[in-house]
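Visitor: Sequence:
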Amino acid sequence: MNPVTLLENLFVRKAEFDIFPVTMDDCHDMSLLHAERFYRGWDESEFHSLMNQPTAFGYAARPNNGISSLGGFVLGREAAGESEILTIAVSGRYPRQGLGWRLMLAALRDMRGRGAETMFLEVDEGNAAAQGLYRKLGFRIVAERRGYYDLGNGRKSTALVMRLDLR
11 MNPVTLLENL
21 FVRKAEFDIF
31 PVTMDDCHDM
41 SLLHAERFYR
51 GWDESEFHSL
61 MNQPTAFGYA
71 ARPNNGISSL
81 GGFVLGREAA
91 GESEILTIAV
101 SGRYPRQGLG
111 WRLMLAALRD
121 MRGRGAETMF
131 LEVDEGNAAA
141 QGLYRKLGFR
151 IVAERRGYYD
161 LGNGRKSTAL
171 VMRLDLR
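Numbering-wise, the sequence shown is residues 11 to 177 according to our numbering.
In case anyone wonders, no lab produced these hints; they're calculated from the structure. Any given hint could turn out to be false.
[What the hints assert, rightly or not] The calculated label-pair distances, taken between Cβ atoms and stated as ranges, are: (1) Tyr158 / Glu46: 18 to 26 angstroms; (2) Phe48 / Gly142: 15 to 23 angstroms; (3) Glu92 / Tyr158: 18 to 26 angstroms; (4) Glu92 / Asn163: 31 to 39 angstroms; (5) Lys166 / Arg124: 32 to 40 angstroms; (6) Ala139 / Leu96: 17 to 25 angstroms; (7) Asp28 / Gly157: 34 to 42 angstroms; (8) His38 / Arg177: 35 to 43 angstroms; (9) Gly123 / Lys166: 30 to 38 angstroms; (10) Gly102 / Lys146: 17 to 25 angstroms; (11) Asn75 / Val152: 35 to 43 angstroms; (12) Ala138 / Lys166: 15 to 23 angstroms.
In this text, a Cβ means the ideal position worked out from N, Cα and C, and glycines have one as well.
Just need the whole structure built from these sequences, with the hints factored in.
Guide: Right, dumping it as structure tokens:
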């Protein structure tokens, strides 16, 4: 059994959210959530541009109780056997409900199914919760990018580049 399937069987809990592939109709909601979670959020046109790329993929979490709010999303792209998470965001209204975990598992399954051999992502060195999630999924730090993230007021932070072998 591969490590991702094993982790899914051990840790995925039932939640009140369903995970769906993102569509162009999600771009507006993704831009709102991205602006909520990041200093420089992407606007709707940036999401449309990304989603128009043939190598792009993404998943969204929506409550299954009829509320239309976006609980979270993950977006990435794949090329030549490598995949990359470009952004992931979970609403502050739904903390510690496993949405980040479930979104990442959906992305990992998709990329493995497409034949990707590795997945990369960048995470702010100050985001301990995200780093913990990625480590639990098997990601390891392989590099740093100093001054990568703009935190506002002239402050910058380092991005940790993390990698996961999908084979």
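Visitor: Look at each hint and say if it fits the structure.
Guide: How the hints compare with the structure:
| no. | hint | verdict |
| --- | --- | --- |
| 1 | Tyr158 / Glu46: 18 to 26 angstroms | holds, 21 angstroms |
| 2 | Phe48 / Gly142: 15 to 23 angstroms | holds, 19 angstroms |
| 3 | Glu92 / Tyr158: 18 to 26 angstroms | holds, 19 angstroms |
| 4 | Glu92 / Asn163: 31 to 39 angstroms | holds, 35 angstroms |
| 5 | Lys166 / Arg124: 32 to 40 angstroms | holds, 34 angstroms |
| 6 | Ala139 / Leu96: 17 to 25 angstroms | holds, 19 angstroms |
| 7 | Asp28 / Gly157: 34 to 42 angstroms | holds, 38 angstroms |
| 8 | His38 / Arg177: 35 to 43 angstroms | holds, 37 angstroms |
| 9 | Gly123 / Lys166: 30 to 38 angstroms | holds, 37 angstroms |
| 10 | Gly102 / Lys146: 17 to 25 angstroms | holds, 21 angstroms |
| 11 | Asn75 / Val152: 35 to 43 angstroms | holds, 40 angstroms |
| 12 | Ala138 / Lys166: 15 to 23 angstroms | holds, 18 angstroms |
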